[in-house]
Amino acid sequence: MVERIKQMIIKEFIQVLRDKRMKAIIFGVPIIQLLVFGYAVTTDVNQISTALYDLDRSFESRELAQRLESSGYFTIKYAPESSREIRELLDRGKVLCAIQINRGFSRDIKRGIPTEIQVLADGTDSNTAMVAMSYASRIIAKYAMDKGAKKIEISTNPPHPPLVKGGEGGLDVRTRAWYNPDLRSKNYNVPGVIALMIMLICLLLTSMAVVREREIGTMEQLMVTPLRPVELMLGKTIPFGIIGFFDMLLVTIIGTLWFNIPIKGSIYLLTVSTAIYLLSVLGIGLFISTISKTQQQALMATFLFFAPAVLLSGFMFPIENMPEIIQYGTYLNPLRYFLIIIRGIFLKGNGIDILWPQILALLLLGAVVITISSIRFKKRLG
Amino acid sequence: MKLLRIKAVAKKELIQIWRDPLSLAMAFLMPVMLLFIFGYAISLDVDNLATVVYDRDKSSLSRELIAEFRESGYFRVIEYVENVEAIDRYIDSGKASVALWIPEDFSKDIRTGKDAELQVIVDGSDSNTATIAMGYISAISELYSQRIMGTRITPLIDSRVRVWYNPELKSRNYIIPGLIAVIMAVIAALLTSLTIAREWERGTMEQLISTPVKTSELILGKLLPYYLIGIIDVVISVLIVVFLFGVPLKGNIFLLTVLSSIFLFGSLSLGILISIIAKSQLVSSQAAMVVTYLPAFLLSGFMFAISNMPKPLQIMTHIIPARYFVTILKGIFLKASPLRLLAIETILLSIFGVTVFLLANKKFKKRIP
Numbered sequence: 001m002v003e004r005i006k007q008m009i010i011k012e013f014i015q016v017l018r019d020k021r022m023k024a025i026i027f028g029v030p031i032i033q034l035l036v037f038g039y040a041v042t043t044d045v046n047q048i049s050t051a052l053y054d055l056d057r058s059f060e061s062r063e064l065a066q067r068l069e070s071s072g073y074f075t076i077k078y079a080p081e082s083s084r085e086i087r088e089l090l091d092r093g094k095v096l097c098a099i100q101i102n103r104g105f106s107r108d109i110k111r112g113i114p115t116e117i118q119v120l121a122d123g124t125d126s127n128t129a130m131v132a133m134s135y136a137s138r139i140i141a142k143y144a145m146d147k148g149a150k151k152i153e154i155s156t157n158p159p160h161p162p163l164v165k166g167g168e169g170g171l172d173v174r175t176r177a178w179y180n181p182d183l184r185s186k187n188y189n190v191p192g193v194i195a196l197m198i199m200l201i202c203l204l205l206t207s208m209a210v211v212r213e214r215e216i217g218t219m220e221q222l223m224v225t226p227l228r229p230v231e232l233m234l235g236k237t238i239p240f241g242i243i244g245f246f247d248m249l250l251v252t253i254i255g256t257l258w259f260n261i262p263i264k265g266s267i268y269l270l271t272v273s274t275a276i277y278l279l280s281v282l283g284i285g286l287f288i289s290t291i292s293k294t295q296q297q298a299l300m301a302t303f304l305f306f307a308p309a310v311l312l313s314g315f316m317f318p319i320e321n322m323p324e325i326i327q328y329g330t331y332l333n334p335l336r337y338f339l340i341i342i343r344g345i346f347l348k349g350n351g352i353d354i355l356w357p358q359i360l361a362l363l364l365l366g367a368v369v370i371t372i373s374s375i376r377f378k379k380r381l382g
Numbered sequence: 001m002k003l004l005r006i007k008a009v010a011k012k013e014l015i016q017i018w019r020d021p022l023s024l025a026m027a028f029l030m031p032v033m034l035l036f037i038f039g040y041a042i043s044l045d046v047d048n049l050a051t052v053v054y055d056r057d058k059s060s061l062s063r064e065l066i067a068e069f070r071e072s073g074y075f076r077v078i079e080y081v082e083n084v085e086a087i088d089r090y091i092d093s094g095k096a097s098v099a100l101w102i103p104e105d106f107s108k109d110i111r112t113g114k115d116a117e118l119q120v121i122v123d124g125s126d127s128n129t130a131t132i133a134m135g136y137i138s139a140i141s142e143l144y145s146q147r148i149m150g151t152r153i154t155p156l157i158d159s160r161v162r163v164w165y166n167p168e169l170k171s172r173n174y175i176i177p178g179l180i181a182v183i184m185a186v187i188a189a190l191l192t193s194l195t196i197a198r199e200w201e202r203g204t205m206e207q208l209i210s211t212p213v214k215t216s217e218l219i220l221g222k223l224l225p226y227y228l229i230g231i232i233d234v235v236i237s238v239l240i241v242v243f244l245f246g247v248p249l250k251g252n253i254f255l256l257t258v259l260s261s262i263f264l265f266g267s268l269s270l271g272i273l274i275s276i277i278a279k280s281q282l283v284s285s286q287a288a289m290v291v292t293y294l295p296a297f298l299l300s301g302f303m304f305a306i307s308n309m310p311k312p313l314q315i316m317t318h319i320i321p322a323r324y325f326v327t328i329l330k331g332i333f334l335k336a337s338p339l340r341l342l343a344i345e346t347i348l349l350s351i352f353g354v355t356v357f358l359l360a361n362k363k364f365k366k367r368i369p
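Chains as they are written, first to last, in my numbering: chain P, 1 to 382; chain C, 1 to 369.
Be aware that one or more of the hints could be misleading.
Computed cross-link-like contacts, BS3-like style, restricted to lysine-lysine with a CA-CA straight-line distance of at most 27 angstroms [stated by the list, open to error]: (1) P:Lys293 with C:Lys12; (2) C:Lys363 with P:Lys20; (3) C:Lys362 with P:Lys23; (4) C:Lys11 with P:Lys20.
No lab work stands behind these hints, which were simulated from the structure alone. Quantities reported herein were computed from a predicted structural model and do not represent experimental measurements.
Build the full structure now, drawing on both the sequences and the hints.
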């Protein structure tokens, strides 16, 4: 039996690696995906393109503009001359944020009279808008505070107390972010990309490779060999599991070296849990192959599974924000568990004492999926 | 080019599509599924953050502060803990993403007029949520400190912040119109990327080659049925977006149809080009995912702002048609942009479509290798 499976695996590897394009896909695609994901999916908001409509043209207004720019969050790209121009810039999407400093700004500040600044944000990207607004308010508030503080130096009786920290009986908030103190979104995303990518590669390879034999008629040749269904099944999944593992290794190395993502936890645990994760992925791939007649169907079905699996895994969208029914549904999603595992190991250094429920769930899920698929697989062959 | 031959190829392709009702059903199911997930299941809005509280003060003032956090709707207190180790456990296991730690002399400090301290720990592994959560935290505590100090301080500078186009900052309104571009890119990738490769793999290409059909006729004939599926998908998507999700379509429907067709032409041609180059369905499908779906999803600005990407990637987004289509869709849906404002995008989309189509014609060799 082992000998026959071995032969089948060799055949499968020859078939996959014979095609130069296929080789490029297996090794190139994960790297491209990692780079694109690593760089593109940054939810960090910085360098917001900004228009500054400065009606005051004073030392103070320039100082404030300078503050906004040196914060790194805003890049002042345009200096419009009218409100109409602001509208045009926002309409065309040239800027996401527009700040208008009214005439009399410096005069008011010097006199200590409250003055007004308008901040306009393009709300189409609600997330960026929210972050941009909070940065803008914070920087402006800080500026106001500093101006107030300078007044304290000159006269002991400030006309306006500073805005944020009250000094007298105020609240001093100390916020700390754990695990990822610089709040780099790459640290969060790259481990997730690894999980998602091996899923896509293994699903497509398994589901399409089996269907291909059927579609081009070579399945019949396989049937007349002494291969038993179980052996055929193992021969069709093990090679793709190995490829998945290899891709995992490749991407993890690039992720840690190129993106400087730390692996705080145990690599051994990571390896074991990857193997368990692959079990369910290959099982699902096999299942798709049993319900598809053509590669077209296999491809569509794979995507029909893959897209919701990614979106409902907590990869980008927190599960706790989803409606309750869907939250229950996510318990059937292997990616959900593996994301917690891989992020836990990479970022938090979690061990098996914390991750055992996820690992157990993956194991169960894998066992169930593999069982169902192999029953269906045998039936289809018989 | 003869219309008759294009029609014949299109008819053959249509029959083939028709014979595979499962694939066809999935082609129509795809936009519905994606829209429902984006519309109902997920949200980028940060609220309901699982929070644990370690209140060492246990005074009316500390309870007021906690209530302030609770009532904001952004924080959901899941547990009151009694020691620091418990905070560690909750944050470590990811059961809570925020921890509030109120020290013993919190109320005493406030009463005696000292600065009271509030420690907040945020799980930074999800940097986006953490950034937004920190913004909420500082806003809530500012409000609280103003309230307990009794006086509302008049700030020196009153910044008036206004949001245009999407005043409630609903992430749904922003994402959904752009999603149509992603759906179209996916459909194009999944459908056309296999059409030519399939003929080669099954050996039916030889039969096609022996007919008098010319390359351009073959490609156009293959494009047409998929264009039909694509445009039906656009209609389904727009209907769902407008009537089910209530995202207003402020702009011109006719303009939307024309520009969608231009985008579809380019994307479908790209799928065919991939199919011609790859020759095997397995390679083709993987390549299509990388060349069409992934960029449409990640680099089009549909969800992730292009301006936040590093420069080389920003430059790369210029060759991605979905980028222009997302701008067009958002413009037409949210801003009622007229063609005048979308002219550049339209021209670039057209150039892209024609280039890819010509490239596909050039790459296709009508002979058996």
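Each hint, compared with the structure:
1. P:Lys293 with C:Lys12: Given pair Lys293 of chain P, Lys12 of chain C holds - Cα atoms ~20 angstroms apart, limit 27 angstroms.
2. C:Lys363 with P:Lys20: 18 angstroms, holds
3. C:Lys362 with P:Lys23: 25 angstroms, holds
4. C:Lys11 with P:Lys20: 34 angstroms, violated
Comparing the model with each numbered hint stated earlier shows that hint 4 is the single one that does not hold.
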